[in-house]
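With the hints as a guide, bring both chains together as one complex.
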Amino acid sequence: MRNLIAVPVIILAVILQSSIISRVTLLSGYADLPLIMIAAWALQEHVDTAWHWAVATGVLVGFASGIYWIVPVVAYLAVVALAKVLQLRVWQAPLLAMFSIAFLGTILLDAFVYGALRVSGVSIPLRDAFGLQTLPRTLLNLLLSIPVYAVIRDLARWVYPTMETE
Amino acid sequence: MALALGGYFSGTSNVVTSSLINTQEWFSSRFVALQDLLTAPRDITTLRQQNSELQNEVADLQAQVIQLQQQVGETQVLAALVDFSRARPENTYKAAAVIGRDPSPFLYYVIINRGSNDGILRGMPVVTDQGLVGRVDAVIADAARVQLITDPASRVNVYLQNAEEEASLVGSLTGDITLELIPQDSIVETGDLVLTSGLGGGYPPDLIVGQVVNVRSRDFDLFQQATVQPVVDFNRLQIVLVIVNFKPVDISPLFPTP
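The listed protein sequences correspond, in order, to chains A and B. Per my numbering, the very first residue in the first sequence carries number 1; after that it's consecutive. Per my numbering, the very first residue in the second sequence carries number 1001; after that it's consecutive.
The shape of chain B in the complex, shown without the other chains (with noise of 0.2 Å):
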């Protein structure tokens, strides 16, 4: 006793309390692993329950998601063409959601949820905060049918705010717009913006198109031509605005017939 109060057995006692400690060690980790082998298939069910329910919740959570993007679109969209018409009150707008597209690959119309009930007549011109879009071609009583700019079949008389000079956009086939009928002496440049100049009475002075791009210029041609890049993504139209308050004018009596 004497010599181990004295520390004279210290380097004994430690050997054998690490030994007694590796084995006990060594007896609880096999123990503990024995322990999970046989508790296991009960965790692993209770795992899989808590998966699979938070699996269900993730899914909840990501439809939660997308909906309410979703929204904040729509919403975003809404303010976007509530600001555009504070910033024009001289004109009247009612908005419409784009429902369908025309059948035909060859024509380039939309379909909008507002018809003739909603006030929408025929010629009306339809517009986005960013820019033109076209113009009723078609009403019934709670749908419309919209051409837009980009039709083949569509002409909206336009100037060229830098050029100072008038022109004639015209749709095609592959959804490009182009300008025509600009004089050879003009000076048209890229960038140079489009809107529309209310000639014809087919549609309101001062509505942008979009830019010019691409011009075309060779001195055997009458006319210089020019690609215009539109302000509206036509792939992406999802609400419209239909100016209610503007009437075409129809000039067509005003040309002789042959």
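Chain A extracted, bound-state conformation (with noise of 0.2 Å):
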């Protein structure tokens, strides 16, 4: 029943992308909440509805954003796989694969992004996608990535309490 606590994080996490998040760039980039959040619950041990999250907050995304909806979707159920992958390979420092992943996460999506506008015949030159918005983006990324993984984290541990316990 705590799962569903998914439902408004989700809706919250795009309504604060969308209102404020997006107002405060670096060059042309701004974070991406949503991503974070996605990465930081997935990162958790005991965690088994990632895939659901990544899904819900795709579709959200993508019906809030101008791109196709299913870029969004693909884009995050892809850092859901790398941060499980991730969680086995580093799991005594779960600090550092959170930076991993919203480094790594955020080139995925923005390659996704950039692929489907070049796929729709938006001209966009990569140089400029890649300096004026994945590095800006991949640094402000980093740094909310601190505060969202400790806030995830409290919340997997009151829909787990098993994590506690251990």
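Calculated from the structure, these hints are not laboratory results. No residue lacks a Cβ here, since even glycine has one placed at the ideal position from N, Cα and C. It cannot be assumed that every hint is accurate.
Distance ranges between label pairs, derived from CB positions [as the list claims (entries may be wrong)]:
hint, chain 1, residue 1, chain 2, residue 2, range
1, B, Ser-1052, A, Val-85, 55 to 65 Å
2, A, Tyr-68, B, Asn-1117, 41 to 51 Å
3, A, Arg-157, B, Gly-1200, 53 to 63 Å
4, B, Arg-1088, A, Asp-48, 54 to 64 Å
5, B, Leu-1181, A, Asp-48, 46 to 56 Å
6, B, Asp-1221, A, Val-7, 49 to 59 Å
7, A, Asp-48, B, Asp-1083, 53 to 63 Å
8, B, Val-1215, A, Pro-8, 22 to 32 Å
9, B, Leu-1199, A, Ile-146, 50 to 60 Å
10, B, Asp-1083, A, Val-85, 55 to 65 Å
Not the full set, but computed from the structure, chain A residues with beta-carbon under 10 Å of chain B [stated by the list, open to error]:
hint, residue
11, Ile-15
12, Ser-18
13, Pro-34
14, Asp-48
15, Gln-92
16, Leu-96
17, Phe-99
18, Leu-109
19, Asp-110
20, Leu-117
21, Ala-129
Written as structure tokens, this is what we have:
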């Protein structure tokens, strides 16, 4: 039943992304709260709903964004897959895993969006996309990943109380 | 007594009097200092209380000032929009507030708080009192998504007022807008006004878009390019107007499909 907390949390994350975070820019890029949230959720031990969160968040972001809805869905699923792989490799340093996911996930998501735009006929110079969007966005996502990881860890402990007893 | 009345003791009396006054002054000042010292804690308490009350009052007044400044700003924006709509009585406008931006920085879209319930339809042009903003891209009941002219996928047919030449305005990843397809033989100068041409049926004609700030003309290019400074500040979009009586024309069926 506690899993239903995902609904308000995901909606809140997308609202915050659209209304506040998208106005705090570095060069032309801004942080991606839903991406960081999904990554942090997928990195928690015992959490088995990360795939559902990725699909729900992707659909909601696709609904609010001008990009095809399938792009964020696939990108967030890829981020969850990446997080699951990294969780096994660097399980003793969750924050390091979080930073790695924030870094790789940002590049992955932007690559998906860039590819989708190119396929739809929008010409964007790769150099501009990387220098003005992806790099500043990566930095902001790394900064955002610390507080988001802390909040999501507490949330995961509340949803899965067994985590505390171990 | 007679000597005193005659003024013979005036020097002596002055010395005595001044000594007395100085002594009294010394005692008085010490007493006042001592009194201050003894009553100071009470005063400090009172002063602290007063200070706290005043600080609260200042905070309340500052909050009021911010609120009023915000209201004044909104009123000014609304007044400008009303003036704009009065100046163009042929159009019917629906005012909407910008409530969000696209979650992806690759796209330049905004979300407005008016939707199909308010008569907003896909393709309707969106303007401010300054000029063209974009057009409605998607609509739900109480909200709509607007594609800005700065979006990389946006393309607007425009004409240069001074050069009397038509061109195509495209957005970019950085939010800059550029004029393309300007013939090499046309004379484009910095400061030329750029307006919508209405060609293609996507936008009504004669909406102000911006001014040319830089022209790039190379001999080996087929067309000239020009950078345009938009008249609308897209970072500070708060309230926009949707032209609800404009019906965009879909000319895509006219193009042959391969």
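Each hint tested on the structure:
For the pair Ser-1052 of chain B and Val-85 of chain A, the beta carbons lie near 57 Å from each other, so the given range of 55 to 65 Å is met. Between Tyr-68 of chain A and Asn-1117 of chain B the Cβ separation comes to about 26 Å, which falls outside the hinted range of 41 to 51 Å. About 57 Å separates the C-beta atoms of Arg-157 of chain A and Gly-1200 of chain B, a value consistent with the hinted range of 53 to 63 Å. For the hinted restraint 54 to 64 Å between Arg-1088 of chain B and Asp-48 of chain A, the CB-CB distance of approximately 58 Å keeps it satisfied.
One distance hint, 46 to 56 Å for the beta-carbon pair Leu-1181 of chain B and Asp-48 of chain A, holds here, with the actual separation near 55 Å. For the hinted restraint 49 to 59 Å between Asp-1221 of chain B and Val-7 of chain A, the CB-CB distance of approximately 54 Å keeps it satisfied. With their beta carbons about 59 Å apart, Asp-48 of chain A and Asp-1083 of chain B fall inside the hinted range of 53 to 63 Å. Checked against the given bound of 22 to 32 Å, the beta carbons of Val-1215 of chain B and Pro-8 of chain A, roughly 52 Å apart, lie outside it.
In this structure the supplied range 50 to 60 Å holds for Leu-1199 of chain B paired with Ile-146 of chain A, their Cβ-Cβ distance being about 52 Å. For Asp-1083 of chain B paired with Val-85 of chain A, a C-beta distance near 59 Å keeps the hint of 55 to 65 Å intact. Hint on Ile-15 of chain A holds. Least Cβ distance to chain B is approximately 8 Å, under the 10 Å limit. A cut of 10 Å between beta carbons decides the hint on Ser-18 of chain A: the least distance to chain B is about 4 Å, and the hint holds.
For Pro-34 of chain A, the interface hint holds, since its Cβ comes within 10 Å of a Cβ in chain B; the closest pair sits about 7 Å apart. A cut of 10 Å between beta carbons decides the hint on Asp-48 of chain A: the least distance to chain B is about 26 Å, and the hint is violated. Proximity of Gln-92 of chain A to chain B is violated relative to the hint, the smallest CB-CB distance being about 33 Å (cut-off 10 Å). At about 26 Å, the closest approach between the beta carbon of Leu-96 of chain A and any beta carbon in chain B exceeds 10 Å, and the interface hint on this residue is violated.
Annotation: Phe-99 of chain A was flagged as interfacial toward chain B, and the flag is violated, the nearest CB pair being 21 Å apart, outside 10 Å. Nearest Cβ of chain B to the Cβ of Leu-109 of chain A: about 8 Å, under the 10 Å cut. The hint holds. For Asp-110 of chain A, the interface hint holds, since its Cβ comes within 10 Å of a Cβ in chain B; the closest pair sits about 7 Å apart. With 10 Å as the threshold, the beta carbon of Leu-117 of chain A comes within range of chain B, its nearest partner Cβ sitting at about 6 Å, so the hint holds.
A distance limit of 10 Å between C-beta atoms decides the matter here; for Ala-129 of chain A the minimum to chain B is near 6 Å, and the interface restraint holds.
The structure does not agree with the numbered hints 2, 8, 14, 15, 16 and 17 stated previously, though it agrees with the rest.
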